[in-house]
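Given next are the chains, with one letter for each unit.
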Amino acid sequence: MSLDTATVRRIASLARIRMGEEEVGRMQAELNGILGWIEQLQAVPTEGVEPMAGAGAVALRLREDVVTDGGIREAVLANAPDPEGEYFGVPKVVE
Amino acid sequence: MSYTIEGRTGPWELVIGLEVHAQVISQAKLFSGAATAFGAGPNTQVSFVDAGFPGMLPVINGECVAQAVRTGLGLNAQINLWSRFDRKNYFYADLPQGYQISQFAHPIVGTGVIGIELADGSSKEIGITRLHLEQDAGKSLHDQHPTKSFIDLNRSGVALMEIVSEPDMRSPEEAGAYLTKLRQILRYLGTCDGNMDEGSMRADVNVSVRKAGEGYRTRCEVKNVNSIRFVMQAVEAEARRQIEIWEEGGEVHQETRLFDTGRGVTRSMRSKEDAHDYRYFPDPDLPPLVLDAAWVEELRAALPELPDARRARYVAEYGLSAYDAHVLVLEKETAAYYEAVAAGRDPKLAANWVMGDLFAALNRTRRDIADSAGLGPRSRRAAGPDAGRHPLRQAGQGGLRGDGGNRPGARRHRRGTRPPPGHRQRRDRGGGGSGAGRQCRQGGRIQIRQGQALRFLRRPSDEDHAGQGQPGAGERGHQAEAGLRRPDDRRAAWPGGLNRAEDTRPADAAAPRGWGPPRRAGFRRVAAGPGWFPSPCRGSAAHRPAPRCRW
Chain A
0 MSLDTATVRR IASLARIRMG EEEVGRMQAE LNGILGWIEQ LQAVPTEGVE
50 PMAGAGAVAL RLREDVVTDG GIREAVLANA PDPEGEYFGV PKVVE
Chain B
0 MSYTIEGRTG PWELVIGLEV HAQVISQAKL FSGAATAFGA GPNTQVSFVD
50 AGFPGMLPVI NGECVAQAVR TGLGLNAQIN LWSRFDRKNY FYADLPQGYQ
100 ISQFAHPIVG TGVIGIELAD GSSKEIGITR LHLEQDAGKS LHDQHPTKSF
150 IDLNRSGVAL MEIVSEPDMR SPEEAGAYLT KLRQILRYLG TCDGNMDEGS
200 MRADVNVSVR KAGEGYRTRC EVKNVNSIRF VMQAVEAEAR RQIEIWEEGG
250 EVHQETRLFD TGRGVTRSMR SKEDAHDYRY FPDPDLPPLV LDAAWVEELR
300 AALPELPDAR RARYVAEYGL SAYDAHVLVL EKETAAYYEA VAAGRDPKLA
350 ANWVMGDLFA ALNRTRRDIA DSAGLGPRSR RAAGPDAGRH PLRQAGQGGL
400 RGDGGNRPGA RRHRRGTRPP PGHRQRRDRG GGGSGAGRQC RQGGRIQIRQ
450 GQALRFLRRP SDEDHAGQGQ PGAGERGHQA EAGLRRPDDR RAAWPGGLNR
500 AEDTRPADAA APRGWGPPRR AGFRRVAAGP GWFPSPCRGS AAHRPAPRCR
550 W
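Residue numbers (numbering that gives the first Met the number 0), protein chains in the order written: chain A, 0 to 94; chain B, 0 to 550.
Just so you know, the hints here were simulated from the structure itself, not pulled from any lab data.
Here the structure is a predicted model, which is why all the values come from computation and not from measurement.
We put the CB at the ideal spot given by N, CA and C, even for glycine.
Please note that a few of the clues may not be correct.
Simulated restraints on C-beta separations [claimed, not checked]:
#	chain 1	residue 1	chain 2	residue 2	range
1	A	T4	B	G126	39 to 47 Å
2	A	R9	B	K210	46 to 54 Å
3	A	L30	B	S121	52 to 60 Å
4	B	G54	A	D81	18 to 26 Å
5	B	Q77	A	Q39	31 to 39 Å
6	A	V48	B	G126	28 to 36 Å
7	A	A14	B	G54	14 to 22 Å
8	A	E63	B	G97	22 to 30 Å
9	A	L13	B	D259	55 to 63 Å
10	A	L34	B	P283	52 to 60 Å
Okay, chain B solo, but in the shape it has when bound:
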């Protein structure tokens, strides 16, 4: 039974497509040799190219190209051996060139597909329309001075991938599952770190509604939604708004909107009409990007094992249930940890231990798997999967029950609550409390995620299943319930343990730091009438958000 929202005139279907902007992992920028590392002093990672000085010429970074190709391959997509860069022209203070170098007519990656899994155990394929490379813009700070905005160009020129889906999703859950899966694939590939709260991944959500059997009605686009949970909320909020308009005899106008996370509603951005005219043309500084088919094949051969393949292998080789396998591959760190634990041991027992004792211990101590996993530089600490005192060593000797009976491990995790000094250097943002506080929060995110997955797995509660996973009982109940809730409560109404994997933090914690809602300038609206899907050309730099204070 498909998801619908009940209006006064009967049920409405949803049609959803996503455009995701993912920051490419690379050392240097897309067209300059300046660094991309996070957290550097303002304007210290800026070359004359990034600052738009006259006479500077862009030279493309081969690794960024490779990352885009890897991502395309990971999305089962067509790799275009011939692609081209265009200039997308608009004015904004953080875009010193006066244009963004993007790919409009000839993207590097064409159509592909992502398989998503839903809470009721079903799966579905979501089409990928395209992926293209483009430059990010700088960052504006609006709250430092009464009459001025401050501009930091460190991010100017950093490579982004814009990944556009087909309008194939039909429910908030599917949108959440798509974004979850896309993020998972990018993280497995190592092409984007997927840190949505740091702006490394952000989504524009296209929503329209229709009656069963109809074609597409006019869509609206909700810009720059920065968490999976907010994407799901924005879909429903926008769909309800449109249903209201249609049912009152009005007409939905195609426009760009923002999701107000506090109030749980979308609102218009009141863009200027002119702003939509980007006057694209091929960048005369850049000849076509031509790839060698053999090089693409080399990249394909070197791809890491992706989540679907790994899950299938866990089922086939280790004899795990599909659900256990799913949970273990959600995060690649978890999967790596599990494999290390399972090596030479009973894989099912290992799975029980990781998903039971270990997750519970992590939850208790508010740490994440990377802290405890002995992977990389953090390994000196605590119970790495290969640690000599690993509790599973005793498994064969009756020392392990696999469901909370593992006292040595639990004790060790409690002891390890405080990370060692200098620990966790990764991408801390300035501001926002003490280092320890951040660590706790960061740790907390992953733990909760796993805990939830587990809760869903083991003890599906009524709340978890409201509207999902129980054919028949499902959709209506969920919607009715969601409709009664205030926005603040809405989180609880999102069912589907699988898709909730991301972002269970309170709204405040998920609020953008330095990335607020979009600004007014620059959205392209191609004259497409009510035709559903977006022109693929709207680059991210055009909807760079401003800091929170603005709103």
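Same shape as in the complex, but just chain A:
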């Protein structure tokens, strides 16, 4: 399997990444390289093996339902590029 340039552009646009022509070519080669590795993995026999999404902890640990966080508006807004009073300010997002 390999990606054509149109697919690479589409992925870039979904990820909101602007990409020049020469970058598309380079990215196409890199992504196809990664897909090549995945294809290698496909060769491993997995008959009868449960699909797994990770190899770490076996199960989620549950947190108590208590309020332990929040109340830090200044800290939360501190890095916002364009805060407006108590809010984050962003370019207007109306259809």
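With chain A fixed as given, assemble chain B onto it according to the hints.
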């Protein structure tokens, strides 16, 4: 006889399925320790996790998991002891992570069933496809600044349950009855407060039409409908639109639409094609959610009595009619009040008193049952069911007729019109008039509901029954009538006292505050052809509405 809409080419059947987003009742958020309480100052209930800061890791709230399991059990559904969280990727300003944590491939709850009751006394089972847990997103304010939108992340990360039904409903009435019953079950369980006007519960409505005997045709989805009445209206409006297209030789295209409550029509959202690609993948921050079967059984054992069981008990133990029992269990507050009144008294007389005198008094004084019921902190006021001067104490002494003759109670309710100061703290939204005005409106909603139930019960008028409950006379008449009405009048055309239980407010009052119609970005369309039912993966955060002003 089944519901159909008469087109030029004959009758059309409707096929309806609902996806309901219900906000989980919990203290803290799904994956962070920030509070969920309503009405806090902007961005004061936000942790670094909720704001999507780099390096922050989600830790799941066990109570939210328990609430989902309780809900699954209440829906007679399969509980999946192994489930998993996925990332649903899309960009929007109120989604700081750039993805919503949801459950796509492996939801926590599988198939279940809800029994609904219809106005003609029949009942029907509606299948539940699945229930999954996911994060809500923040809130955008578009009307505060000429060139900017403001973002409040207080809601970001609050737990939602998305409950997806099978395409089992065949009429607006059934859709309304399903939503009514689902809301009732959630409220009995205490897993969602069901406040549709505050956005705690909202529905995406999937509609298609077909000729008798056909398979499914292409469906369309009407997003974010925020009242039961609007759901019923949206179903009919969308069905009529599709019938028109088919009958003119056209083809219905699968798309996402909005219901314009003012005009009573649906319209296209003109979504971008790209927006449908959410690129789901398992969230690498979160190992699988594995439940202990014994814990699930503990939760099952601790479930409260649900409406169906309670109704059956009222019939069996108290000898009430099925209809009286139905009315009394519609709201759990009413049921609790009734039981308190009935304790040690004649249960039928108690039922008559609650549904007659009490409801009438509540209506007259524009209060709701919780105000008068002496339940919880409001109890100091007025005639709680156990109040020493309870009029039913005189019942055995001839002081009570059970149908309006209860003057002491009536007087007391009139006196109590003004709630005490500081009363009713619950979830008031900022804005929207004085506190007293809101109380009246809130009170008014429930009273009207009960009054209507009563009217339906006692004196079914022609209007109430147009098209329903009278086999033969029914469906056609109703549809013809509805078809002649302008949208504004349509409310009156919705028959079925049972299903009208919610939302009899004027359209303005039901308009979303801070929750408008959906925005453009992000709807998944899995390539499913005309196959009817939705991929279950469309999470709510993707169709977060914007404020009214936008539209």
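Checked hints:
1. For the hinted restraint 39 to 47 Å between T4 (chain A) and G126 (chain B), the CB-CB distance of approximately 45 Å keeps it satisfied.
2. In this structure the supplied range 46 to 54 Å is violated for R9 (chain A) paired with K210 (chain B), their Cβ-Cβ distance being about 39 Å.
3. Between L30 (chain A) and S121 (chain B) the CB atoms are about 57 Å apart, so this pair conforms to the stated range of 52 to 60 Å.
4. Range check, G54 (chain B) to D81 (chain A): about 23 Å between beta-carbon atoms, so the 18 to 26 Å window is met.
5. In this structure, Q77 (chain B) and Q39 (chain A) meet the distance hint of 31 to 39 Å, their C-beta atoms being roughly 38 Å apart.
6. The given range of 28 to 36 Å is respected by V48 (chain A) and G126 (chain B), whose C-beta atoms sit roughly 32 Å from each other.
7. At about 20 Å, the beta-carbon gap between A14 (chain A) and G54 (chain B) stays in the expected band of 14 to 22 Å.
8. For the pair E63 (chain A) and G97 (chain B), the supplied restraint of 22 to 30 Å holds, since their beta-carbon distance comes to about 28 Å.
9. Our hint of 55 to 63 Å for L13 (chain A) and D259 (chain B) is violated, since their Cβ atoms are close to 30 Å apart.
10. In this structure the supplied range 52 to 60 Å is violated for L34 (chain A) paired with P283 (chain B), their Cβ-Cβ distance being about 19 Å.
In terms of the numbered hints stated before, the structure departs from hints 2, 9, 10, listed from lowest to highest.
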